[in-house]
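Chains as they are written, first to last, in my numbering: chain L, 1 to 90; chain D, 1001 to 1440.
Keep in mind the hints are simulated off the structure, nothing from the lab.
We put the beta carbon where it would ideally sit given N, CA and C, even for glycine.
Do not rely on the hints blindly, as some may be mistaken.
On the chain L side, residues computed to face chain D include the following (Cβ under 7 Å) [said to hold, decoys possible]:
1) Arg60
2) Pro64
3) Ile68
4) Pro70
5) Glu72
6) Arg85
Below, computed lysine-lysine pairings styled on DSSO-like, alpha-carbon distance capped at 27 Å [stated by the list, open to error]:
7) L:Lys37 x D:Lys1333
8) D:Lys1425 x D:Lys1203
9) L:Lys24 x D:Lys1043
10) D:Lys1343 x D:Lys1255
11) D:Lys1302 x L:Lys24
12) D:Lys1203 x L:Lys37
13) D:Lys1043 x D:Lys1002
14) L:Lys75 x D:Lys1291
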Amino acid sequence: MERTTVERVARAAHFALSEEEFEKYSKDLAEIFDYFKILDEAPEGEGYGVNPLEVGDVLRDDVPGIFIDPYELLKDMKTYENYVRGPRLL
Amino acid sequence: MKEILASLPRLNDKYSIFSCITEDAEIGDSEFLFSAKDGMTSKDMMTRCGSKILDGYRPTFDATAIERMRNAGGKLIGKCNMDEFGFGTFSTTSAYGIPKNPFDLERSCGGSSGGSACAAAVIDGHISLGASTGGSICCPASFCGVYGLVPTYGRVSRYGLVDYGNSLDKIGLISSDPERIARFLPVISGKDTKDSTSCGQPKLELKGKRIKTIGVPEEPLAGVSKEVLSSFESSLDALRSMGIEVNRIKMPSLKYAMPAYFILATSEASTNLASFVGMRYGQQDGDLSLKFDDYFTYFRTKYFGEEAKRRILLGTYTRMAGFRDRYYSKALKVRLHIIEYYKKIFSEHDAVLTPTMPFVSPRFDEISKMTPIESYSADYLTCPPDLAGMPHLSVPCGYNRDGMPIGMQFVTDHWEEDSLITFAKDWDSAFDVRKPEVSL
Chain L
1 MERTTVERVA RAAHFALSEE EFEKYSKDLA EIFDYFKILD EAPEGEGYGV NPLEVGDVLR
61 DDVPGIFIDP YELLKDMKTY ENYVRGPRLL
Chain D
1001 MKEILASLPR LNDKYSIFSC ITEDAEIGDS EFLFSAKDGM TSKDMMTRCG SKILDGYRPT
1061 FDATAIERMR NAGGKLIGKC NMDEFGFGTF STTSAYGIPK NPFDLERSCG GSSGGSACAA
1121 AVIDGHISLG ASTGGSICCP ASFCGVYGLV PTYGRVSRYG LVDYGNSLDK IGLISSDPER
1181 IARFLPVISG KDTKDSTSCG QPKLELKGKR IKTIGVPEEP LAGVSKEVLS SFESSLDALR
1241 SMGIEVNRIK MPSLKYAMPA YFILATSEAS TNLASFVGMR YGQQDGDLSL KFDDYFTYFR
1301 TKYFGEEAKR RILLGTYTRM AGFRDRYYSK ALKVRLHIIE YYKKIFSEHD AVLTPTMPFV
1361 SPRFDEISKM TPIESYSADY LTCPPDLAGM PHLSVPCGYN RDGMPIGMQF VTDHWEEDSL
1421 ITFAKDWDSA FDVRKPEVSL
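So that you can see chain L by itself, here it is in the shape it has in the complex (with noise of 0.2 Å):
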């Protein structure tokens, strides 16, 4: 797989890769894709399903409600005043 293409999945993943890992992950990724090739002779089913069976549409009654205490959930967090602290964005 070509350099350039390895370099914009891994930017899109989030990973800085090291030289190293940048040569196995090419070759590891060339070989995987090889290998998938017999995809490309494979019958297809009719319709487009995201799931293995229908998933019906459930929907809860519209009631405010707490699932979590959110203040139990920010015990876990880098906090401010009960705002969670995160990275710039700018």
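Starting from the known structure of chain L, arrange chain D on it as the hints suggest.
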């Protein structure tokens, strides 16, 4: 039960079953002990999915399956080691200990629910919750010589199961005794409004329905080792003597299941795991003055393991503009074809049967030499039913000359868990299942 609880640290020293063990040594009102793969959230123990990126994560809620086991009188004794986020066949990508096979400590327990299968094999009267995406219950059950049941997709709520491939993930059960699987499947099954994929299921009814006819596809047998094949053929004779009709059938499309599975599973995983960026869960030791892209990249590069990175790269690629139709969309259509093909077989047979794994559990030194494709190919028998969301069961069916267990895998139509469980109970009376010697 108290003795078992007291023995857990020593068991763990020997087999590396658990990533964490309960600190509560009291039995209290508990009626039974159970363990769970560490991919399920538990409010009294860390949930780390075998990954360094989740180190320190203590969920505030139980996965529905764990909650239902506790409500039925169960005590959760530990969270079981697993491949990182389920990415593996041998549990060797676990960051918190690699479970060792109870029949030979130099060999793998299989994966990715390796710790769960090991617990089922070495702890008396035990039941463990595993999870399967492409073979992660049947493979370790086969390697450890125990029973493993994967219910139909949607039978057991996935609420609290950290996603690998959300259209493929299923919670199931592993035990040395099929009676326990029969007892606990109704406990963990059923609709749960917190997981809409569980809400369309028909009621689970265990009425003792029996498998009368079995289709054995010929094509997959070509890739199976001689010792597995020999054991499997002997088992077919045993099935005939139980009055089951065994027919050789053709299922040429099964060979497409493995690549279709890997494309769908990694596509889904690459988006599901995008939420692990050093905020909200687990590791959060980064420098907040970094720009968000750099901050996320720092965490993911530092804490995801080698195989996790490989699968995320794979899944990111298959979803990218220009490649999506060739891989992801194609794999969805191939899955539909394979489901249709299974349904056609089930119009004439009650179950499809193959060996569970193409070989007995390999040694760790052999595993370390495998290429990614060799490792992925080991799943070629377990991928088809997992891809199709069909219930499947691995039962021990023989031992090689070194005493390593061999398993066979039954697949039935959607929602037909009843006949799998009935078969497992019948088989347990007919087949001499060996227990590993456990000396501490």
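Hints, one by one, checked against the model:
1. About 6 Å separates the beta-carbon of Arg60 (chain L) from the nearest beta-carbon of chain D, less than 7 Å, and the hint is met.
2. The closest approach between the C-beta of Pro64 (chain L) and any C-beta of chain D is roughly 16 Å, which is over the 7 Å cut-off, so the hint fails.
3. The criterion of a C-beta within 7 Å of any C-beta in chain D is met by Ile68 (chain L), whose closest approach is roughly 6 Å, and the hint holds.
4. For the restraint placing Pro70 (chain L) at the interface with chain D, the shortest Cβ-Cβ distance is roughly 10 Å, beyond the 7 Å limit, so the hint is violated.
5. The interface hint given for Glu72 (chain L) holds, since its Cβ lies 5 Å from the closest Cβ of chain D, which is under the 7 Å cut-off.
6. Annotation: interface hint on Arg85 (chain L) holds; nearest CB of chain D at approximately 6 Å, less than 7 Å.
7. Between the alpha carbons of Lys37 (chain L) and Lys1333 (chain D) the distance comes to roughly 15 Å, so the proposed pair stays at or under 27 Å and holds.
8. At roughly 21 Å between alpha-carbon atoms, Lys1425 (chain D) and Lys1203 (chain D) fall within 27 Å of each other, so this suggested pair holds.
9. Proximity of Lys24 (chain L) to Lys1043 (chain D) is assessed by CA-CA distance (about 39 Å); at most 27 Å being required, the pair is judged violated.
10. Between Lys1343 (chain D) and Lys1255 (chain D) the CA atoms are separated by roughly 17 Å; this keeps the pair inside 27 Å, and the hint holds.
11. A hinted pair counts as satisfied when its Cα atoms are at most 27 Å apart, and Lys1302 (chain D) with Lys24 (chain L) qualifies at roughly 17 Å.
12. Restraint check for Lys1203 (chain D) and Lys37 (chain L): the C-alpha separation of about 40 Å exceeds 27 Å, so the hint is violated.
13. Taken as a hint, the Lys1043 (chain D) and Lys1002 (chain D) pair is honoured in the structure, with Cα atoms around 22 Å apart against an allowance of 27 Å.
14. Note on Lys75 (chain L) and Lys1291 (chain D): the hinted pairing holds, with a Cα-Cα distance of about 24 Å set against a maximum of 27 Å.
The structure shown violates the earlier hints numbered 2, 4, 9, 12.
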